[in-house]
Amino acid sequence: MKKKMPAVFVIALALILILGSVTIADGMNVFAMFTNYDARLEKLIYSSVIEDPVPVQVETDYIGTSYVTLTNAHFDDDHLILGFTVENMVAAESFVPTEEELQGMRPRGLGAVCAPPYMNEEQKSLHDWYSRAVEARLPESRGVKASEITVSFVIPGENGEVHTMNYRWFQQLQEDGLTCHLYTMDGLKNDPFIEQLMKQSSITLEMRIYESVYRLWYDGEEQYARWTNEWITSVPITLEKSYKSLQ
156 MKKKMPAVFV IALALILILG SVTIADGMNV FAMFTNYDAR LEKLIYSSVI EDPVPVQVET
216 DYIGTSYVTL TNAHFDDDHL ILGFTVENMV AAESFVPTEE ELQGMRPRGL GAVCAPPYMN
276 EEQKSLHDWY SRAVEARLPE SRGVKASEIT VSFVIPGENG EVHTMNYRWF QQLQEDGLTC
336 HLYTMDGLKN DPFIEQLMKQ SSITLEMRIY ESVYRLWYDG EEQYARWTNE WITSVPITLE
396 KSYKSLQ
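Per my numbering, the sequence shown runs over residues 156 to 402.
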């Protein structure tokens, strides 16, 4: 059976983000939520806010409609810090693979549970239902299929090259199901290309949005898994340099 590709409808506007002294709007301020993880963010709560952020709407067959919104950004000579939200990030259901699907899954052993992602109580129940079977070596079969919206940031180079950066990632779930994400990238001068780029007055990134699909199956004796990552869209983002010190 040929794997069905998700039908994707994307509304993606190029975001040109000018960082300055703006007030916090009625929307989410992600930097303000993560000051316990990174105290430097207290200095950036106001100056990093993106005025009138534009949500990127994506449609997938499995999850449905999701929105990714960049809410905060800070760029200086040594740091790049980004805050964004994802609305409707995960979908999950019980799963029994076909013979063809099982052939495409790899045995993973029973040393560690390949746990599916979850964002609400119903999805957590599926997570726990599957995990308990593997951990207890129950003599019965259980499976979960989960789909997740994931986001990465890269710097486009010349001739189609793409430069990635090491980052720390924090995630926090709100009561309304909205997930807030913080990417902090320090020490950006390890790459000669990035070192030169950081000297400029602005930087252009590419926000890449994917649908990551997890298929997990436990047959009572072995655990099988398959993970696929399908690109949905890319959005260019231009950041103006901030001269606000983080020291």
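None of these hints come from the bench; they were simulated from the model. Among the hints, erroneous ones may be present.
Calculated cross-link-like contacts (lysine to aspartate or glutamate; reagent style EDC-like; alpha-carbon spacing at most 16 Å) [said to hold, decoys possible]:
(1) K354 - E395
(2) K396 - D231
(3) K279 - E248
(4) K198 - D231
(5) K354 - D233
(6) K396 - E248
(7) K396 - D232
(8) K354 - E248
(9) K279 - E395
(10) K396 - D331
Quick list of simulated restraints, FRET-style, between CB atoms [said to hold, decoys possible]:
(11) V309 - Y222: 19 to 25 Å
(12) K198 - D374: 49 to 55 Å
(13) G264 - Y322: 28 to 34 Å
By construction, the Cβ of each residue, glycine as well, lies at the ideal position given by its N, Cα and C atoms.
Here is how each hint holds up against the structure:
Straight-line distance between C-alpha atoms of K354 and E395 comes to about 12 Å, which keeps the hinted pair within the 16 Å bound. Between the alpha carbons of K396 and D231 the distance comes to roughly 5 Å, so the proposed pair stays at or under 16 Å and holds. The straight-line distance between the Cα atoms of K279 and E248 is roughly 11 Å, inside the 16 Å bound, and the hint therefore holds. Taking the CA atoms of K198 and D231, the gap is about 14 Å. The hint holds against a cut of 16 Å.
A hinted pair counts as satisfied when its Cα atoms are at most 16 Å apart, and K354 with D233 qualifies at roughly 9 Å. Between K396 and E248 the CA atoms are separated by roughly 44 Å; this puts the pair beyond 16 Å, and the hint is violated. Our distance criterion of 16 Å between C-alpha atoms is met by K396 and D232, whose separation comes to about 8 Å. Straight-line distance between C-alpha atoms of K354 and E248 comes to about 48 Å, which puts the hinted pair past the 16 Å bound.
Using a Cα cut-off of 16 Å, the hinted pair K279 and E395 is violated, with the two alpha carbons roughly 40 Å apart. Pair hint K396 plus D331 does not hold up; C-alpha atoms about 33 Å apart against a cutoff of 16 Å. Between V309 and Y222 the Cβ separation comes to about 21 Å, which falls inside the hinted range of 19 to 25 Å. A beta carbon spacing of about 53 Å between K198 and D374 agrees with the range 49 to 55 Å that was offered as a hint.
Take G264 and Y322: their Cβ atoms lie about 30 Å apart, and the range 28 to 34 Å holds.
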